[in-house]
Structure formats: structure tokens, C-alpha cells
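S.K.: All chains should be modelled from the sequences, with the hints used to inform the complete structure.
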Amino acid sequence: MEAVFTDKHFDLVARCKQGNKAAHFELYKLYAKAMYNVAFRIVNDPDEANDVLQEAFLDAFARIKDFRQETTFGAWMKQIVIHRSINFLRKRKTEFVDLDENTTDFAVAEEPDNDETEYKIERIKEAMLLLPEASRVIISLFLLEGYDHEEIGQVLGISINSSRTQFLRAKRRLIELLKQKGHLK
1 MEAVFTDKHF DLVARCKQGN KAAHFELYKL YAKAMYNVAF RIVNDPDEAN DVLQEAFLDA
61 FARIKDFRQE TTFGAWMKQI VIHRSINFLR KRKTEFVDLD ENTTDFAVAE EPDNDETEYK
121 IERIKEAMLL LPEASRVIIS LFLLEGYDHE EIGQVLGISI NSSRTQFLRA KRRLIELLKQ
181 KGHLK
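Here the sequence shown stands for residues 1 to 185, where the numbers follow our numbering.
Careful: at least some of the hints might be erroneous.
[Claimed, not checked] List time: in silico BS3-like cross-link candidates among lysine-lysine, alpha-carbon distance up to 30 Å: (1) Lys33 x Lys17; (2) Lys185 x Lys78; (3) Lys91 x Lys8; (4) Lys125 x Lys33; (5) Lys78 x Lys8; (6) Lys181 x Lys125.
[What the hints assert, rightly or not] Restraint-style ranges between C-beta atoms, simulated for each label pair: (7) Glu122 x Asn20: 35 to 41 Å; (8) Glu151 x Lys17: 25 to 31 Å; (9) Asp66 x Gln180: 44 to 50 Å.
Hints were generated in silico from the structure; no laboratory data involved. In this text the structure is predicted, and so the values were computed from the model without any measurement. Using N, Cα and C, we set each Cβ at its ideal position, and we do this for glycine too.
M.R.: Rendered as C-alpha cells:
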């Protein structure tokens, strides 16, 4: 039996499925800002994030009848935005490299997390914008969107080990950037 999630916007979604344009607009107003932030963290450009956002909502409303409430509308919409953002980067020729194909096997030592870090999320997000696109996407999906390495691998078409390795490299680079800006010692 499939799980059905209780969505506080169930009625709006039901009205959207019936073709109610006012309900479309209400859902858009409720979710646009959060979905824009997701797109921006991945594509790193305000105009491009807006384009991704518009395309994602058009996709969602075109496929709203396929939405079966197996998750919340927000989670479903977020998946569409993330996939649209990644497809946008692919069209722009950002290459996500599967390291397993290009390197020999080596062990990756996990760096210990520093739970005592007191730095504000905004400083970290600002530093993340300075990362190369591929690194920024992986670190955003893992840290901000809550994807695990298996999910990142599936979305980007890379192996789990490659996702882990690229995440650790991006994390190291992020730490270097924070140190350069004086946010870490």
C-alpha cells in the first residue's frame, strides 16, 4: 500500500488538478520564493534561477495530474526545481565527472566534522558561491537540500564514491575560502 502524505495544501492541489488557474497562482505564491532559493543555490545567477523557476512551475502545472500525494507538493516541486537546475547546468556544459572512470581506486578519509563551528550560514553560502559550479552543486545538494551521496550520484549520473570524493574536495575548498576571508582560523 502506498503512503499518502498529509499536505496542508491538498485543497489547492486538488483545484489545480481541475484546471483552476487561481489555485495555480496561489501555489506559485506559496512556493516561489523557496523554490527560487533552491534554483539559485545551484545555478548561481539570479536571472537564470528565475528562468529555472518559471520552467519548473510550468512543468509542475503541466504534470499536476500525475502528482499522487506520495509526498508533499513542496517536496515534489523541489525535486522538479533541482532537476531543472541541473539540466540547465548540463546545457551550459558544466561537466560532472565520474571520478571512478578517470582515476585509480584510493581510500578517501572522512574529515571530522567540526561541531563547534560558530559561523553563520550566510557566510558559508557566500563562500559557496565562489566554488566552481560542479563543486557548488554537489555541496548544495548534500548540505542544503539533504540529498545523500546515492541520490546525488543518481541525479548527476556519477558514482556514489565520486559524489563523496567531490563533496570532500568541495568541502576542503570551502574551508579554504572561509579561511581566506577570515571567517575561520
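S.K.: Is it true that the C-beta distance of Glu151 to Lys17 lies inside 25 to 31 Å, as the hint says?
M.R.: holds, 27 Å
S.K.: Mind checking the hinted window 35 to 41 Å against the Cβ distance between Glu122 and Asn20?
M.R.: holds, 38 Å
S.K.: Does Lys33 sit within 30 Å of Lys125, going by the straight-line distance between their CA atoms?
M.R.: holds, 17 Å
S.K.: Next pair to validate is Lys78 with Lys8; report whether the Cα-Cα distance is within 30 Å.
M.R.: holds, 16 Å
S.K.: Please test the hint of 44 to 50 Å on the beta carbon pair from Asp66 and Gln180.
M.R.: holds, 47 Å
S.K.: What's the verdict on Lys33 and Lys17, does the C-alpha distance respect the 30 Å limit or exceed it?
M.R.: Status holds; Cα separation ~22 Å.
S.K.: Next pair to validate is Lys91 with Lys8; report whether the Cα-Cα distance is within 30 Å.
M.R.: violated, 35 Å
S.K.: For the pair supplied as a hint, Lys185 and Lys78, is the alpha-carbon distance within the 30 Å limit?
M.R.: Answer violated: Lys185 to Lys78 is near 35 Å, above 30 Å.
S.K.: For Lys181 and Lys125, compute the direct alpha-carbon distance and say whether it is at most 30 Å.
M.R.: Status holds; Cα separation ~13 Å.
When each numbered hint is compared with the structure, violations occur for hints 2, 3.
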